[in-house]
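Listed below, chain by chain, are the residues.
There are 2 protein chains.
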Amino acid sequence: MVTRGSPALSCPGPVSVSPGTETTPPSDSAPSPKGDKLNELLGWPQTLEWREMGRWVLFEEKLEVDAGRWSAPHVPTLALPSLQKLRSLLAEGLVLLDCPAQNLLELVEQVTRVESLSPELRGQLQALLLQRPQHHTQTTGSRPCWGPAQSRKAAHNKEAPMQQQCQSPLRQKLPPGAEAGAVLAGELGFLAQPLAAFVRLRDPVWLGPLTEVPLPSRFFCLLLGPPMLGKGYHELGRAAAVLLSDPHFQWSVRRASNLHDLLTALDAFLEEVTVLPPGRWDPTARIPPPRCLPSRHKRTQAEDRHRNGPLAPSPELQRTGRLFGGLVQDVRRKASWYPSDFSDALHPQCVSAVLYIYLATVTNAITFGGLLGDATDGAQGVLESLLGTAVAGAAFCLMAGQPLTVLSSTGPVLVFERLLFAFCRDYSLDYLPFRLWVGIWVAVFCLALVATEASVLVRYFTRFTEEGFCALISLIFIYDAVGKMLNLAHAYPIQRPGSLAYGCLCQFPGPGGNESQWTRPRPQSRDDLLSVDLGLVNASLLPPHECVQQGGYPRGPGCHTVPDIAFFSLLLFLTSFLFAIALKHMKTSRFFPSVVRKVLSDFSSILAILLGCGLDALLGLAMPKLMVPREFKPTLPGRGWLVPPFGANPWWLSVAAALPALLLSILIFMDQQITAVILNRVEYRLRKGAGFHLDLFCVALLMLLTSVLGLPWYVSATVLSLAHMDSLRRESRACAPGEPHSFLGIREQRLTGLAVFTLTGVSIFLAPVLKFIPMPVLYGIFLYMGVAALSSIQFMKRVQLMLMPAKHQPDLLLLRHVPLSRVHLFTAIQLACLGLLWIIKSTPAAIIFPLMLLGLVGVRKALEWVFSPQELLWLDELMPEEERNVPEKGLEPGHSFSGSDSEDSELMYQPKAPEINISVN
Amino acid sequence: MVTRGSPALSCPGPVSVSPGTETTPPSDSAPSPKGDKLNELLGWPQTLEWREMGRWVLFEEKLEVDAGRWSAPHVPTLALPSLQKLRSLLAEGLVLLDCPAQNLLELVEQVTRVESLSPELRGQLQALLLQRPQHHTQTTGSRPCWGPAQSRKAAHNKEAPMQQQCQSPLRQKLPPGAEAGAVLAGELGFLAQPLAAFVRLRDPVWLGPLTEVPLPSRFFCLLLGPPMLGKGYHELGRAAAVLLSDPHFQWSVRRASNLHDLLTALDAFLEEVTVLPPGRWDPTARIPPPRCLPSRHKRTQAEDRHRNGPLAPSPELQRTGRLFGGLVQDVRRKASWYPSDFSDALHPQCVSAVLYIYLATVTNAITFGGLLGDATDGAQGVLESLLGTAVAGAAFCLMAGQPLTVLSSTGPVLVFERLLFAFCRDYSLDYLPFRLWVGIWVAVFCLALVATEASVLVRYFTRFTEEGFCALISLIFIYDAVGKMLNLAHAYPIQRPGSLAYGCLCQFPGPGGNESQWTRPRPQSRDDLLSVDLGLVNASLLPPHECVQQGGYPRGPGCHTVPDIAFFSLLLFLTSFLFAIALKHMKTSRFFPSVVRKVLSDFSSILAILLGCGLDALLGLAMPKLMVPREFKPTLPGRGWLVPPFGANPWWLSVAAALPALLLSILIFMDQQITAVILNRVEYRLRKGAGFHLDLFCVALLMLLTSVLGLPWYVSATVLSLAHMDSLRRESRACAPGEPHSFLGIREQRLTGLAVFTLTGVSIFLAPVLKFIPMPVLYGIFLYMGVAALSSIQFMKRVQLMLMPAKHQPDLLLLRHVPLSRVHLFTAIQLACLGLLWIIKSTPAAIIFPLMLLGLVGVRKALEWVFSPQELLWLDELMPEEERNVPEKGLEPGHSFSGSDSEDSELMYQPKAPEINISVN
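Order-wise, the sequence lines are chains A and B.
For the first sequence, the numbering used here gives the first residue as 62, with consecutive numbering after it.
For the second sequence, the numbering used here gives the first residue as 62, with consecutive numbering after it.
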């Protein structure tokens, strides 16, 4: 319980061990019934011996004597009388500050130099104090760190422990420089009055076998006395240990110059304790460590809130006023980080991140390729999708402002492309050349947006806009997955008892056969279709493919149906979906070591795909499989890699293309920048800053490139990018048992993305492996991605609130500050906007869909008339203008104080722990 | 915060309301920055007004001003300085004990009669105190309980509130006789020094609009003063309110005769508080109410443990030493309860219990009937099962010692019956007559067991035996469900691309047809089976059933296969299983009001069956459905209802039948009594006692009856009986927000069982409805029942521990007292026993299976050599002999003290809240 530095350090000071050790009276001396009880309670032999009973690093761990193990770390709870008794004992006892003792022997001599002790008693006591305590590690039979002989030697030799290589798990956790402290407490029958000693050593000294872990100690506390009622000395020892593990108390006592200072420090500690009234809480109940540790400085906290506040004007989003000024600034800022963008990637975590994101990207590219092929009637396909993803992604990773971004085809752009193709088909235009001109114009418009620093407008994209957009994309994922699945059921119909698809014959052109007879059906009363008269001898009931093998012809309506496929597809679909979800949740399960759980959780979608493929291979049904290109050439037959500038189109279409390009530009801008805003949120603690202008610039250039090559268009993909960041998060190592991990930031670098897209490019040649993946499995994974993304946005949490009775709602901070009816109103408005977007997306008016996305910003602006700025601050964020209108009190210390009880509520809308949990795998 | 009685009552005293009310200084007087901050923080207008800020019934509810609602109830946390400051204020302030005030006006006059106040200030203060406080209910716009005029009148009239019918939700929760208390705290700029008053009224008085709920108040506390730093008076007010809501403090203060007594009571409160050190716990975090409230009397708790201990010798299990002595005692004891066994059933809960258990019983009877028909080659069937269940169950409910028991065919007995039938078939014996004699002998043996009071031996059935038995039954359920499902897949094979079952023709005996040609296949090279030559003209590809309708004959291997059935069965199976589990878990979800959740959860299996039937009806496939008898006659054709005593068997077989009967008797005894032991566990708090002897007597008589009629044999079914009890549990109404419901007992009566079995009898005529249930749905429900039963036994929790790293294990009490390796050893031994039982059950030696069950008791006895009594006490229970050997300390207060921290750990093996969660639905 001694700190390694001042309590102001970031990894909070009290990283140390303090065995609260106890002794009991020998059975012959003073066998009072209470002492006897205590002895039995702790269940150790009646001989006089020290035993380690607990340790306090940050939280308390008790030794469970019977079970022979440390308890789970928990918040220590004390009884107020123990603290008060401790105070009076210390006030009357021996206090040695800056004691020069160099080892345990000297310390014991110093401590026992008390007038009240007779020389005989003193000798007895000294022998007792030098006795080797029994540590838990020894009790359970693991290799002891030192034998009795060593221990005696070690007590005289300060250097010994450092050479010992006996590393306990706790030692490995503690940071270098940690110190220990020791509290010895117990009942001694031969003492007439309590003996208390508090020692601050001049230099931290290794106190021999007193502490479990070989660490030097600075503080030493001895609490002995005649037997007293109940668990007296045990509780006193605990109180002393808790006190010594408090960083503020340590800090004060290190500077104390006399007893008075010590008592003042204790009183200051008492001033700050939290009191639970009796009867509402069992004092023996163990409170698990809180998810985030409270900051003890309210001042710091208030500043934090200001710093973390979504409104903090970031330098990237300030208008320079010069043409391309933002871009130049972005490039300048990013250039300084460029070397570190590669050196920072040298960490094993990056390897697993690459594998993880690669699989997600390839799955995504293949599926979007399939969708695109469907939408454009084969003008583009899986090959273009893979190639384009690889080229565009890699280029973006090398050049962009935010290299953690993963480029991908996105739902909104796909919708637009489908509409564009339909337009070209309706007016008999040459699609790819027209698309080329649209791309050129979009690039021009985007460059104009970069030049005018339009990206600073992203400050108007509040959570409201983001959530509307995210929810729409997630819904598109879910809708497409289910829709594709239903299409499969259509393609492989279920054979109901009354369905026509029944029966199949194999006909052989046998010697007496007369083939023409087959083609002349003799119509019967009502079964024209079915009752194909059989006038042939050479026919059999061979299955169709065997029939063909043997030279026959399968005939009949049942030949083209494959039974069982529909239901098996559904089974595979559900299995991979549920399996992926279950594996994802493994992370928080109690089973298996955390490494195993992390692997299972991180690779949940890949494992689900493998399971699906395994099931499919096991049954060997003729399932529809993933189609992958076998040759490296454009999907559209007969075209080269370069799209001709005009093709069959008239020249003026290249100008007219500016009109759809305008709409597409809005869409690209929204899609790109909303994702960028989400990725660059303050709570992700990115050090290298964003690059909104540079990112848009890159997107514009890639737009040009992909249009020329006839590849799909790419913008930032929210879900994939967040998964990328999630796989690169850095967390603090816990320094103390029970201490929560804290989020430190993201490994910002360019290498993982580059590797991912290089692998994606290579995947074009992976056809022999990829062709084993059944389509329903992929659809299942897509459903999972959509559901995961949808459930991670806070909008959905508010939708869920609508279904909960107020009594059962979680204790969200939001609900403490905004009336429930207002929360529901806000959610309802969001739902209505989402519904409207969905309807527009589904109607012929879908082409104006980008405008409607922009409309979300307008709706949000209009909400300022409905909700107070205070409410909007909790429900959403504030827009730039509102910022000025917030009543002062909203951001005052008083407010941030009441906001500081965020620790026990689910972190919602507040200095939230980064929740990159829109995980896609 | 005033009690309705002494704190010794079972529903703990402090059921009351205490609005901690505050006031703020007017904006013109003393606008110190601190007061200003407080003012803004709470966000109310700058006018001087009282506002209800919190209430404390058992837990604290804060008013969330911005959100306009009460917070969730939580454990109140105080700062120690507030309590100390409160103590000093009270010590210096005005304390009025037995104040004769009859209304608020008089009270205010009494309170303001302080010397330090000038007459002008006094008037100002009185006006202020009489001002109507703003309650939350008024704030949010609901109908106010009283207008300003009324309030003034009410302040003078004690009777008024009782006539008001304005019932708040809180009022309805509070028990009659509850009292309120009021704390008024706040900063007053015009006061020069703090003004504190503590009033105990002689009689509880309704203090006008001061309290939210119209309740009389006994205590009144006023804490006013000049503005001070921070949230001073708010925290002081909270401290006073928490103090006043403490039953012990109330109790002391009710008896206090002077200031000294009051301060002593406060000090006693402080002695008992729990202290959380700073920095480990955010003082503003809200601790949710614990699942069980701590008892504040350790003495009571120790007694409790003794009383609840599994070893308490119950009077039912003491040997009388007389022939049939136990039976006579049982009858005598039960007779006195008999009238109440019917009157206690008059509660709506019983209706839902009947519906719930009826459906479970019928499902069970039908499925076991099917299994039985399968096992005995049709000698018995669903009709016998339904009839027997109804007759035996109803008779048992009327006569038995424990009428909550549900009789049913059970797995072990079914296994035995299958073996008996195989034996008869192998030796060509007449089954039913032989079975009759076995039944007669079993009845004789059982009566002998009753006569010799053998049931007292159930004290040797510890948790070890119960768990082994339960786990076996659950595994049989799971195994059977999955096995039946796989059988379905066999009956309806999946059509793989290469499978033979392909193709089907419809042949018409047409004019030119030559039927004999069909039967003469011309063997070909390798396709003899398949290549049925078609030499006919009149054939078509009609589906088989249409073919038959049109007078044709379906021919070919594909005619008997129905595609898609296998996978759809699997889908239905999984759907009903998962849906039942999901609905069961609805109970603990946050969604929907608790009534809806309870209904969904209680009827989960029925809803799952309905969903399955709906899905099936939607698709209309030819699924295998439940077969139900259409006529009321024995399943075996040609037999009457009475089984002939000899049939074709030789006479001496009636004597030889004693041998299998001996084994069956052991089985019946074990099966019946283990269930009885489980049902009569102390933690279910049955008032009317058990009737082990009487139950066995009834089973013996019914054995005789069912053997004579050729019906299945019945014993108590654990899972169904526990579900029955679960549906009849009585819980306390929560008297205070946040207070956990406590379990009061079970509605012990005979009517629900009687109704269930009457309905079961009527179900024999339900064939037209039941025939719509697809079999896979029933299998899914059986899987669910098995899984639910298996996961509810603590043995499984220990098996799960084996898969968890020690660090992540839940903080079970067991693990605090027994080393992990010993826990694992115990679990491993149980697993080995279970494995052995399973193997024996599956081999030809299965007939000695009852002996092996008995062997479990022996294994448990042998474990005494491996484990210490202390360990066995935690891992299992103690057997009668061991009881004497437990070291004293095991049951000493010291021990029970450390056992009392059960509240925060999952209740395992300890005075556990009844966990009838082996729910079957």
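Simulated from the structure, these hints should not be mistaken for lab results.
None of these values were measured; they are calculated from a predicted model.
Just so you know, not all the hints are guaranteed correct.
Capping the alpha-carbon separation at 25 angstroms, the derived lysine-lysine pairs in BS3-like fashion look like this [claimed, not checked]:
#: 1; chain 1: A; residue 1: Lys858; chain 2: B; residue 2: Lys123
#: 2; chain 1: A; residue 1: Lys868; chain 2: B; residue 2: Lys123
#: 3; chain 1: B; residue 1: Lys648; chain 2: B; residue 2: Lys659
#: 4; chain 1: B; residue 1: Lys832; chain 2: B; residue 2: Lys868
#: 5; chain 1: A; residue 1: Lys686; chain 2: A; residue 2: Lys659
#: 6; chain 1: A; residue 1: Lys858; chain 2: A; residue 2: Lys922
#: 7; chain 1: A; residue 1: Lys858; chain 2: B; residue 2: Lys545
#: 8; chain 1: A; residue 1: Lys645; chain 2: A; residue 2: Lys659
#: 9; chain 1: B; residue 1: Lys858; chain 2: A; residue 2: Lys659
#: 10; chain 1: B; residue 1: Lys868; chain 2: A; residue 2: Lys123
#: 11; chain 1: B; residue 1: Lys545; chain 2: B; residue 2: Lys645
#: 12; chain 1: B; residue 1: Lys659; chain 2: A; residue 2: Lys858
#: 13; chain 1: A; residue 1: Lys123; chain 2: B; residue 2: Lys545
#: 14; chain 1: A; residue 1: Lys648; chain 2: B; residue 2: Lys146
#: 15; chain 1: B; residue 1: Lys858; chain 2: B; residue 2: Lys648
#: 16; chain 1: B; residue 1: Lys868; chain 2: A; residue 2: Lys659
#: 17; chain 1: A; residue 1: Lys645; chain 2: B; residue 2: Lys545
#: 18; chain 1: A; residue 1: Lys868; chain 2: A; residue 2: Lys545
#: 19; chain 1: A; residue 1: Lys645; chain 2: B; residue 2: Lys858
#: 20; chain 1: B; residue 1: Lys645; chain 2: B; residue 2: Lys868
#: 21; chain 1: A; residue 1: Lys858; chain 2: A; residue 2: Lys648
#: 22; chain 1: A; residue 1: Lys645; chain 2: B; residue 2: Lys659
#: 23; chain 1: B; residue 1: Lys868; chain 2: A; residue 2: Lys868
#: 24; chain 1: A; residue 1: Lys545; chain 2: A; residue 2: Lys686
So the derived list for chain B, only partly shown, Cβ under 7 angstroms to chain A, looks like this [stated by the list, open to error]:
#: 25; residue: Gly129
#: 26; residue: Gly250
#: 27; residue: Leu252
#: 28; residue: Val452
#: 29; residue: Met857
#: 30; residue: Val860
#: 31; residue: Met863
Ideal Cβ placement from N, Cα and C applies to all residues, glycine included.
So which hints don't hold here, by number, going up? 4, 5, 7, 13, 14, 17, 18, 20, 22, 23, 26, 27, 28, 29, 30, 31
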